[in-house]
Structures are given as structure tokens and as C-alpha cells.
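A.B. asks: For the protein sequence lines, the chains are A and B, in the order given. Letter by letter, the first sequence follows residues 1 to 389 of the numbering used here. Letter by letter, the second sequence follows residues 1 to 389 of the numbering used here.
One should not assume that every hint holds.
Which copy is meant is left open, so a pair is good if it fits within one copy or across any two.
As the list claims (entries may be wrong) - Derived pair list, reagent style BS3-like, types lysine-lysine, alpha-carbon separation capped at 27 Å:
hint, residue 1, residue 2
1, Lys96, Lys364
2, Lys255, Lys357
3, Lys210, Lys174
4, Lys341, Lys357
5, Lys174, Lys49
6, Lys49, Lys210
7, Lys341, Lys49
8, Lys174, Lys364
9, Lys49, Lys39
10, Lys171, Lys262
11, Lys262, Lys364
12, Lys259, Lys49
13, Lys96, Lys51
14, Lys327, Lys364
15, Lys255, Lys139
16, Lys255, Lys174
17, Lys259, Lys210
18, Lys174, Lys259
19, Lys171, Lys49
20, Lys96, Lys49
Rather than coming from a laboratory, the hints here were simulated on the basis of the structure. It should be emphasised that the depicted structure is a prediction, and the values quoted were computed from it without experimental measurement.
Protein chains: 2
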Amino acid sequence: MISTQRRHIMPTTTTASSAPQSTDGQGHPVFMQPCTAVKLSDNGDILFKMKANEDASVTVSIGNDHNSQITIPMQNLHNGIFEASFSGCTLTGPQKLVFRVNGQETLNPFAPLWFHANSLSNYIELPDPETDTLIAPRKDIPHGAVTHEFYYSRTYQEFMSSTVYTPPGFKNGKEYPVLYLFHEVAENKTAWTDASRMNYLLDNLIADGKCEPLIVVENDCTVMLDYHDRPDWFENYSQLEHFLIQDCVPFIEDKYHTKTGKWSRAIAGIGLGAVQAGYIGMRNTDIFGNIGLFTAFWISAAFHAEGKEDPFYTAAEYIGRHPEVIKVFFRSEGDLDIHFKGIEAENNLLSELGIDKIPGYLFKVYHQTHNWGSYRRSLRDFVPLLFHE
Amino acid sequence: MISTQRRHIMPTTTTASSAPQSTDGQGHPVFMQPCTAVKLSDNGDILFKMKANEDASVTVSIGNDHNSQITIPMQNLHNGIFEASFSGCTLTGPQKLVFRVNGQETLNPFAPLWFHANSLSNYIELPDPETDTLIAPRKDIPHGAVTHEFYYSRTYQEFMSSTVYTPPGFKNGKEYPVLYLFHEVAENKTAWTDASRMNYLLDNLIADGKCEPLIVVENDCTVMLDYHDRPDWFENYSQLEHFLIQDCVPFIEDKYHTKTGKWSRAIAGIGLGAVQAGYIGMRNTDIFGNIGLFTAFWISAAFHAEGKEDPFYTAAEYIGRHPEVIKVFFRSEGDLDIHFKGIEAENNLLSELGIDKIPGYLFKVYHQTHNWGSYRRSLRDFVPLLFHE
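Working from the sequences, and respecting the hints, build out all of it.
C.D. replies: Below is the structure:
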């Protein structure tokens with residue numbers, strides 16, 4: 001018989017004044033650092049902070065397009081804490097920040113970080129009325145989780161790490177379908193959760209009954225070679241295909257007890273990641289029954305115009321003759337995307353091959369640049385199409 | 001009937017030359033950035049890289065103790081890629097790196113990052129013969145996973161994020177015991193996985209049959225107030241206790257279908273985290289049956305010497321009279337730790353109260369400073385004691 005310990009009664013309500021710093025001030029529980037150095041004020045101004053030596057010259061630049069970044073000087077208000085306020089910003093969604101001290105680029109340890117343009121860098125999430133509600137964590141619903149899995153890859157002969165979203169209330173006993181989601185060139189497996197807040201977007205769609213609960217798997221997919229080096233490029237696509245199908249899919253399906261079979265698998269990506277997802281998905285329609293190509297200029301059109309045979313065309317031509325092998329074939333593009341002008345040739349090619357006759361074919365155009373604004377809208381419109389029995 | 005797609009046969013063996021960058025070059029798949037800027041060469045030299053403007057002056061300093069950091073000048077070898085090599089380093093384990101450009105501290109975006117001393121900073125993992133094998137991911141065994149959970153806390157009235165280690169082959173159907181593990185002051189919930197490589201340490205102990213498979217949960221536990229402000233300090237311990245018991249434990253036990261009951265729960269921490277774990281664990285012996293206080297100078301001894309009543313003493317005194325309420329009571333300290341001199345008074349107090357008579361009582365001394373060397377050894381020696389039926 002264990003006696004019960006006497007202790008002071010703890011209060012049943014407490015103030016929220018002293019929660020350990022666990023969010024970025026915008027409701028997004030970040031993974032590593034508190035983010036107190038960037039803040040949106042109620043009137044829409046952006047407030048920046050940065051610590052440097054007192055005599056330093058400090059600036060912050062904002063914008064994903066480095067040709068049109070806006071640079072704001074920061075003032076040493078006290079003891080080397082530099083501050084700046086910026087009004088009237090018209091940018092939307094996640095935007096890169098570059099802090100410079102005496103002209104040297106530096107990372108701000110208290111601003112959000114993403115892996116972007118082949119390097120860790122700072123960014124800020126700016127209002128986008130069309131998607132703000134969609135990516136905000138809600139207090140009234142349960143939330144999914146983000147897991148880092150480590151496993152040895154026989155294909156690459158080294159350890160690989162996959163980032164796995166599991167839906168709210170995930171139970172390993174229940175079987176879920178799986179989306180394999182590829183990042184854009186020069187990003188990595190953390191992009192869809194860190195910068196895009198995909199986890200909240202899916203939590204919200206699932207809570208509202210707009211998509212089936214699903215597992216999403218991200219990998220590091222950019223082969224770290226010059227991607228204009230075409231022969232290597234294709235060679236490495238083949239290696240990525242081998243890794244995904246031989247190493248990753250079996251690992252995920254075993255560990256997470258997922259649904260199996262092509263109709264319970266989807267493959268999608270952004271930009272170069274869409275080209276990779278298209279290459280693998282279209283060549284393996286016995287494994288993947290659903291394909292999403294987000295904001296991608298489908299390079300095969302260019303190949304085809306030159307009269308060359310290429311694996312994309314071969315695969316697309318096969319699907320055109322067998323439209324029943326794909327249930328959902330989703331494409332999207334931003335009309336302000338630098339690749340938008342290539343879309344017409346691609347549309348013509350797909351039409352010639354009959355791919356636009358697939359019942360689950362959908363092509364969406366967003367009034368967006370090549371940016372997270374397009375990517376999020378693409379995911380929002382793609383996942384509701386998937387995995388209906 | 002779905003026809004099978006013709007495609008080129010993929011090679012069954014591939015070269016490993018073009019794996020996407022997914023590790024830090026030391027076998028640790030990091031969560032966000034590739035870590036090519038620090039490297040240990042075969043002869044033990046440390047190689048550093050850092051990009052800066054060509055005319056900059058660049059240095060790197062190494063060492064967790066900022067009074068004895070070693071500073072190494074870096075040379076611009078080409079196009080602003082600065083390099084340095086350092087021979088004969090006698091430091092061991094994870095050590096802080098500070099890169100400076102023209103005297104300004106900066107983060108290196110391609111070196112490992114941890115949250116340390118209340119800020120994101122760079123570090124390097126240096127050889128420690130006693131633990132190197134223990135923290136190295138092995139190719140011949142399955143690996144655990146690290147999950148970020150998000151949930152709304154009624155105690156703090158905001159979202160909290162917990163980091164959850166699940167053991168190799170984790171299946172939600174099977175029931176595991178749980179260790180709630182607290183970080184040191186000025187660190188956060190990522191410390192035990194990012195810097196300490198706890199996940200590999202546990203993978204290896206489990207694979208070798210040295211500890212029971214278990215789940216480990218980390219939270220952000222440092223209340224962001226001056227911790228010399230004693231009244232607030234205790235007030236916030238109470239809030240942390242309320243969060244852990246009312247919000248976190250029920251969430252984890254429901255979502256992960258864990259074993260329940262005090263003998264399947266342990267609570268432990270480092271330094272201030274040990275004081276927090278001790279405060280909560282010793283006051284709630286009906287909830288936690290196992291306690292680990294790693295490298296902590298147990299402040300209650302000082303209280304007691306001043307003749308003051310305090311919650312630590314009250315709880316310890318209760319346990320002394322009811323030693324059957326705790327199965328494992330583990331303490332550790334480094335003999336080079338600045339707090340080591342306080343240990344004797346604490347040992348005397350625990351002896352007076354009879355706590356050292358608990359059958360599962362163990363006090364370990366390591367030849368270490370207050371550092372990850374001690375923390376890892378403490379975890380290595382603590383977890384094998386836990387959760388035997």
C-alpha cells in the first residue's frame with residue numbers, strides 16, 4: 001500500500017504570462033529558436049531587431065526576388081540592439097530576409113530560418129488574405145505531428161532522413177494513404193513544414209472534412225550537382241527513383257502500417273521537384289496512381305520540340321494511351337511565374353497525347369509568382385482530389 | 001485490368017557519389033542544413049570554412065567556456081571562402097563555435113547549430129573516446145525517430161511543442177514506458193536530440209539489450225525570467241508542474257498509447273532542468289516512480305542550511321519516510337563541475353533524510369566539467385536502471 005503524498009494544491013487556473021518561449025509570435029511553434037527579432041504590428045508595420053557591435057552599420061533586406069529586394073537601415077536604439085520599422089510592404093507569404101552588418105550578410109539567430117537557395121537563411125511570414133486562415137494553427141482542433149525518420153539507404157549507401165507528417169489523432173493501427181511530396185530546387189526536406197506550414201494547412205483541411213486524413217513524406221531530393229549538367233541530371237533522377245521506390249516507400253509502409261497499392265499513393269512536387277515527381281510518377285504508374293506537378297514548366301515539351309526521345313515523353317505517351325492508370329493528374333502554374341510562357345507548348349503536348357482526357361485531370365492557374373503563394377494554393381487544391389474510395 | 005508500364009530497368013546497384021546532402025559529415029543526419037563548413041580530418045585536425053567579403057578579417061573561436069576559448073584566424077583562400085585548420089585540440093564532445101567577421105559574431109549557415117546559452121549558435125562534435133561509439137548511428141540496427149508534437153496548453157494558454165523520441169520499430173499498438181527529460185537552463189526542447197544525439201545513444205543501448213525500449217519526451221522548460229528572481233522562479237515551477245501533469249502527460253499517454261502508472265514513468269533533467277525535474281518528481285511520487293538528477297547542485301541544501309522551509313525539503317523529507325514510493329533515485333555530478341563543492345552538503349542532507357537507503361539509489365561522479373560529457377554519461381547510466389518489470 002503506497003501512501004499518497006501530501007503537497008500543496010496547485011492552482012486550477014494560471015496566468016499565461018510566463019510560458020516558455022515556444023512560438024515565433026505568429027502562432028507557429030518553431031523547431032529550434034524563439035523568434036522575437038521579427039514582428040508584425042497590429043497596423044501591419046514590420047518590426048525588426050538585430051544585435052551587433054554599437055558602432056556597426058546594420059541593414060535588413062526583404063524579398064525573395066533579390067533583384068527587387070527592399071533594404072531598410074536599422075538604428076542602434078540601445079547597447080547594440082538595432083531596430084527598424086517598415087510600413088506599406090506589399091509582399092505576401094514567406095519572404096527572405098537578409099541582415100547585413102557592415103555590408104556582411106549574417107544570420108539573425110532570433111528570426112525564423114529556412115533552407116532556401118542552397119543555404120540556411122532568415123525569412124518572415126507576411127499576410128496573404130487568401131491563405132492566412134488556412135495555415136494558422138487553430139485551438140479548437142487536434143494537430144498533426146512532424147517526425148524525422150533516420151534509416152540507412154542501400155541506394156545512396158549512407159543514412160537518409162525523411163520528414164513525415166502524420167495527421168491529427170494518428171494511430172499506427174489505422175491505415176492511411178501516403179503522399180510523397182518533393183521540394184523545389186535548392187531547398188530540402190524541411191521546406192514543406194518549416195516555411196510552408198503544410199502541417200497546419202493539412203490539419204485545417206482535414207478538420208473541415210475537405211481532404212482525407214493522409215501521411216505526407218518529404219526527402220532531400222536535390223542532387224547537389226550543377227543542374228544544367230543534363231546527363232548527370234538524368235542519371236541522378238534514376239538514383240532518386242531507385243531510392244524512393246526501393247528504400248523509402250517500403251520503409252514508410254512497414255513502419256507506419258499505411259494503405260498500400262497505387263491508388264493509396266500519390267507523388268507530387270514543386271518546380272524541379274515537380275519534374276522529379278513527374279519523372280518518377282509517370283514512369284511508375286503501377287506504383288503511384290496520383291500525380292501533382294506544382295508550378296512546373298514541364299521540360300519535356302522542349303525536348304519534344306527538338307525531336308529528341310526522352311523518358312518524360314515516353315512515359316507521357318504511355319499514359320495517354322492508358323488513361324486508366326492515373327486517377328488524379330494535377331498541374332498548376334502562376335501567371336506571374338517566369339516559366340509561365342512555357343506552359344502553352346506543354347498544354348498542347350499533353351492535349352496531343354490525350355492526357356487532358358484523364359477524368360481526374362486538372363490544370364490550375366494562380367495570380368502568383370514562383371513562390372510559396374503558388375505552392376500552398378497548389379497543395380490546397382490537390383489534396384482534396386486524392387484518396388476517395 | 002491495368003496494363004503494366006514498360007520502363008527501363010533500373011540498376012540494382014548504384015554508386016553513392018551523388019547522394020543529396022543529408023548529413024553533417026560525421027554521420028548525424030541534421031534537421032535543416034548540410035554541414036560542410038566544419039570537418040574532422042583523419043589525423044584529428046579540425047578544418048573550418050566560412051564565406052565572407054574578400055577583404056574581411058575572419059576568425060573562429062572554439063570552446064563552451066568563453067573564458068578559455070581558442071581563437072583561430074581564417075585565410076581567404078579564394079573568392080571569399082575563408083579556411084582554417086586547427087591541430088592538437090584537447091576539448092571533447094560538443095563544443096561551441098563562434099565565427100567572427102571583422103569582429104562581429106555571426107552564424108555560419110553550413111556548420112551545425114544548437115540552441116545554447118539562450119541563442120542559436122554553431123558547434124562542433126569533437127571525439128570523446130568513452131562515448132563516441134555510443135552516439136554513432138550504426139548501419140546494422142534499426143533507428144528511433146524524433147517527432148515534433150503541437151498541442152494547445154490550457155496551463156500556458158498558448159500552443160506548446162514537445163519533442164518525442166520513439167524507439168526503433170515503434171508501433172503505436174505496443175505500450176512503452178515514458179521518460180520526461182528536461183534540458184539545462186538557456187537550452188530548449190531540441191537540446192537532447194540535436195546536440196546530445198540522445199536518439200542514437202538510446203538506439204544503441206536498446207539494440208545491445210542494455211535498456212528497455214522507451215519513449216522520451218522533451219519540453220521547453222526554462223521560464224524566460226531572470227532565474228535569480230526567486231519568488232517568480234518558484235511560482236513558475238508550479239506552472240511547469242501544472243503543464244506537465246495536466247497537459248503534457250495526458251496528451252502523450254493518449255496519443256502514444258503508453259504504459260501508465262508511476263512505475264512506467266520517469267522524470268529527469270540536467271542542471272536547472274534537474275532541479276525542475278526534482279521539484280516536480282519529488283512532489284508527485286504518486287505520478288512518477290523514478291527520478292534522475294543529472295549534474296545538479298541541489299539548491300535545497302542551501303535553503304535548509306538557512307533554516308528555511310522549502311518545497312524541496314518538504315518533498316525529500318516525505319520520501320525519506322516513505323522510501324517505497326521511489327524505485328530509482330539517480331544523481332550525478334562532474335568532479336570538475338563548478339557546482340561540485342556544493343555536493344557534500346547535499347549528500348549529507350540526503351543521508352540525514354534516509355534517501356540514500358532507497359534500494360534504487362545511485363550517485364555517480366564523472367571526471368567531467370558541467371557539459372554534454374557529463375550529461376551523456378548520466379543518461380547512459382540512468383536509463384538501464386529503469387522500467388524492469
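A.B. asks: Would you mind marking each hint as holding or not holding in the structure?
C.D. replies: Comparing the hints with the structure gives:
no. : hint            : in the structure
1   : Lys96 / Lys364  : within (26 Å within a copy, 49 Å between copies)
2   : Lys255 / Lys357 : neither (37 Å within a copy, 44 Å between copies)
3   : Lys210 / Lys174 : within (20 Å within a copy, 32 Å between copies)
4   : Lys341 / Lys357 : within (23 Å within a copy, 79 Å between copies)
5   : Lys174 / Lys49  : neither (46 Å within a copy, 48 Å between copies)
6   : Lys49 / Lys210  : neither (39 Å within a copy, 48 Å between copies)
7   : Lys341 / Lys49  : neither (40 Å within a copy, 41 Å between copies)
8   : Lys174 / Lys364 : neither (33 Å within a copy, 44 Å between copies)
9   : Lys49 / Lys39   : within (9 Å within a copy, 32 Å between copies)
10  : Lys171 / Lys262 : both (22 Å within a copy, 24 Å between copies)
11  : Lys262 / Lys364 : within (24 Å within a copy, 55 Å between copies)
12  : Lys259 / Lys49  : neither (48 Å within a copy, 46 Å between copies)
13  : Lys96 / Lys51   : both (19 Å within a copy, 19 Å between copies)
14  : Lys327 / Lys364 : within (17 Å within a copy, 62 Å between copies)
15  : Lys255 / Lys139 : between (30 Å within a copy, 17 Å between copies)
16  : Lys255 / Lys174 : both (12 Å within a copy, 13 Å between copies)
17  : Lys259 / Lys210 : within (20 Å within a copy, 35 Å between copies)
18  : Lys174 / Lys259 : both (9 Å within a copy, 20 Å between copies)
19  : Lys171 / Lys49  : neither (42 Å within a copy, 45 Å between copies)
20  : Lys96 / Lys49   : both (15 Å within a copy, 24 Å between copies)
Hints 2, 5, 6, 7, 8, 12, 19 from the earlier list are contradicted by this structure; the remaining hints agree with it.
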